[in-house]
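K.L.:
Which chain is which? The protein sequence lines are A and B, in order.
Residue 234, in the working numbering, is where the first sequence stops; the numbers in between run on with no holes.
Residue 278, in the working numbering, is where the second sequence stops; the numbers in between run on with no holes.
Treat the hints with care, as some may be off.
Said to hold, decoys possible - Derived lysine-lysine pairs resembling DSSO-like cross-links, with alpha carbons at most 30 Å apart:
hint : chain 1 : residue 1 : chain 2 : residue 2
1    : B       : K173      : A       : K60
2    : A       : K80       : A       : K92
3    : B       : K125      : A       : K80
4    : A       : K80       : A       : K26
5    : B       : K125      : A       : K26
6    : A       : K26       : A       : K60
7    : A       : K80       : B       : K173
8    : A       : K60       : B       : K125
9    : A       : K92       : B       : K125
To be verified - Derived DEER-like restraints, expressed as beta-carbon distance ranges:
hint : chain 1 : residue 1 : chain 2 : residue 2 : range
10   : A       : D163      : B       : G187      : 30 to 38 Å
11   : A       : L224      : B       : Q179      : 48 to 56 Å
12   : B       : S169      : A       : K60       : 53 to 61 Å
13   : A       : P208      : B       : R27       : 53 to 61 Å
14   : A       : R38       : B       : Q179      : 54 to 62 Å
No lab work stands behind these hints, which were simulated from the structure alone.
Cβ coordinates follow ideal geometry from the N, Cα and C atoms, glycine included.
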Amino acid sequence: MNALVDIRRLRRSFGGPAVLDGIDLKIAQGEFVALLGRSGSGKSTLLRVLAGLDTAPAQKLEIPARRSVVFQEPRLLPWKSVIENVALGARKPDARALAGAALADVSLSHRRDAWPLTLSGGEAQRASLARALVRSPDLLLLDEPFAALDALTRLRMHDLVFDLWRKHHPAILLVTHDVWEAVALADRILVLDQGRFSHEIRVDIEHPRRRGDPQASLIETGLLRELGVELSHV
Amino acid sequence: MADRSAAERNDTHGTPDASLLAPADNRLWRTAGRIASPIAIIALWQIASLSGLLSPRILAAPTEIAITAGRLIASGELVTGLVVSFLRVSAGFSIAVVIGIALALTSGLSRLGEAIIDPPIQMLKAMPFLGLLPLFILWFGIGEAPKIGLVAFGAIFPIYLTLHGGIRSIDKKLIETSQVLELGTIGIIRHIVIPGALPSLLVGIRYGLSVAWLSLVVGEQINASSGIGYIITYARDFLQTDVIVVCLLVYAIMGLLTDGLVRGIEAYALRWRPQVIA
Numbered sequence: 001m002n003a004l005v006d007i008r009r010l011r012r013s014f015g016g017p018a019v020l021d022g023i024d025l026k027i028a029q030g031e032f033v034a035l036l037g038r039s040g041s042g043k044s045t046l047l048r049v050l051a052g053l054d055t056a057p058a059q060k061l062e063i064p065a066r067r068s069v070v071f072q073e074p075r076l077l078p079w080k081s082v083i084e085n086v087a088l089g090a091r092k093p094d095a096r097a098l099a100g101a102a103l104a105d106v107s108l109s110h111r112r113d114a115w116p117l118t119l120s121g122g123e124a125q126r127a128s129l130a131r132a133l134v135r136s137p138d139l140l141l142l143d144e145p146f147a148a149l150d151a152l153t154r155l156r157m158h159d160l161v162f163d164l165w166r167k168h169h170p171a172i173l174l175v176t177h178d179v180w181e182a183v184a185l186a187d188r189i190l191v192l193d194q195g196r197f198s199h200e201i202r203v204d205i206e207h208p209r210r211r212g213d214p215q216a217s218l219i220e221t222g223l224l225r226e227l228g229v230e231l232s233h234v
Numbered sequence: 001m002a003d004r005s006a007a008e009r010n011d012t013h014g015t016p017d018a019s020l021l022a023p024a025d026n027r028l029w030r031t032a033g034r035i036a037s038p039i040a041i042i043a044l045w046q047i048a049s050l051s052g053l054l055s056p057r058i059l060a061a062p063t064e065i066a067i068t069a070g071r072l073i074a075s076g077e078l079v080t081g082l083v084v085s086f087l088r089v090s091a092g093f094s095i096a097v098v099i100g101i102a103l104a105l106t107s108g109l110s111r112l113g114e115a116i117i118d119p120p121i122q123m124l125k126a127m128p129f130l131g132l133l134p135l136f137i138l139w140f141g142i143g144e145a146p147k148i149g150l151v152a153f154g155a156i157f158p159i160y161l162t163l164h165g166g167i168r169s170i171d172k173k174l175i176e177t178s179q180v181l182e183l184g185t186i187g188i189i190r191h192i193v194i195p196g197a198l199p200s201l202l203v204g205i206r207y208g209l210s211v212a213w214l215s216l217v218v219g220e221q222i223n224a225s226s227g228i229g230y231i232i233t234y235a236r237d238f239l240q241t242d243v244i245v246v247c248l249l250v251y252a253i254m255g256l257l258t259d260g261l262v263r264g265i266e267a268y269a270l271r272w273r274p275q276v277i278a
């Protein structure tokens, strides 16, 4: 396996018990990995290390130089128009043209000159996604990017992310607490619990994956149990 | 649309608006009420002056003041004085803007800078700066320097304090985002710090301007041989209360005009804010 991300024995603690307790993680080129875990399980800490926003001791820490992050909040600069925000991600001479193309990719061309504060939650998150993609990253880190969106918008965003992944094929690490989101999108799902991976599962179901598909439901229920949720009605 | 009205409801930046408490059709009455009261006061004042209750040595009649204003404008006296006063404020305020911004950037962007700059400024701020006038006269004599110096000194504080606060309160998440986007230090200052602190800075500039005009009024009382302050001093010696009131009105108008100018800049520079987009 040609690993894009190769981490061995990663440890991170903030004074108290270790948040990440000797983690091994490999992500292949173009692989879509979802990371599940209860709050406080260390998901975001791991993502911050991968994003280069946090440093932690590890035996080995191989991370691609070209990476982008989409956070839970869109984090657009409110004083720059949508296209200027996206162009800021590119920082090349033809940044504006690239930004225009990235906005077309997320179907946001009609709002290119809008101010971020006038966008809806879904539009803002799509702009944020365009800003991450315009860097043509090898590794795209998504930190619960759809958690603040309403259920319908979230489903549409799932399709969008999937299409963009098919088109540009970066490796993706999606941090989420939405089990269905992970099952619907990822090749591989990791469950993080108390700073260690407690569970790993490959999802070999054809896309598009439908909710209620027996195989998908089985994985979903298994993951929920792993996260400590017993479903009596399933 | 719904977002915008929500933003307007949350807007605490604009002037307090009584219409929030009252239905729309009450607004006309409220406006009428707001105009009626000053008009009534001026009318009472005029009656008091005409009946001899209010001596012109205490305060001239409104009509007298209007006539004097016309005369001073026609003679060119007022305009000449105004230009001199305006140049003093411009010079002093420009110095304040440059020094205030330089100090705030230094102390807002580096911990060392803050340790060096912030404590002495906080100490100086506690001093009633108009009380420094005697010292300024001793240091700078009685020419233009103490007047411009007083304007500059007074206006530095609001500019420094608001910009420093603005830089310190910039959303850390945006700084983090710019690290992910690899903007570099200069890029962060250019794309995040300056535009992010601009709303605070503009508030400081508006407040600083009002302080600048106030300082000028005080500074010009001392041995001025030109400017609005000189006209006032001269009028005081001859008990011309009408001239004094006209000059005070001119100060007020100049203050309002310069404030309006900054508000215009504000409306353009901050057009990304929903309540300004309108």
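K.L.:
Take the hints in turn and mark each one as holding or not.
P.N.:
Each hint, compared with the structure:
1. B:K173 x A:K60: holds, 28 Å
2. A:K80 x A:K92: holds, 17 Å
3. B:K125 x A:K80: Violated, because 35 Å separates the two Cα atoms, which is more than 30 Å.
4. A:K80 x A:K26: violated, 37 Å
5. B:K125 x A:K26: Between K125 of chain B and K26 of chain A the Cα gap is close to 58 Å, so the pair fails against 30 Å, i.e. violated.
6. A:K26 x A:K60: holds, 11 Å
7. A:K80 x B:K173: holds, 16 Å
8. A:K60 x B:K125: Between K60 of chain A and K125 of chain B the Cα gap is close to 54 Å, so the pair fails against 30 Å, i.e. violated.
9. A:K92 x B:K125: violated, 46 Å
10. A:D163 x B:G187: 30 to 38 Å: Check passed, 31 Å falls within 30 to 38 Å.
11. A:L224 x B:Q179: 48 to 56 Å: Hint violated: Cβ distance 35 Å, outside 48 to 56 Å.
12. B:S169 x A:K60: 53 to 61 Å: violated, 40 Å
13. A:P208 x B:R27: 53 to 61 Å: holds, 55 Å
14. A:R38 x B:Q179: 54 to 62 Å: Since the Cβ atoms of R38 of chain A and Q179 of chain B sit about 28 Å apart, the hinted range of 54 to 62 Å is violated.
Of the hints listed earlier, those the structure fails to meet are numbers 3, 4, 5, 8, 9, 11, 12, 14, in rising order.
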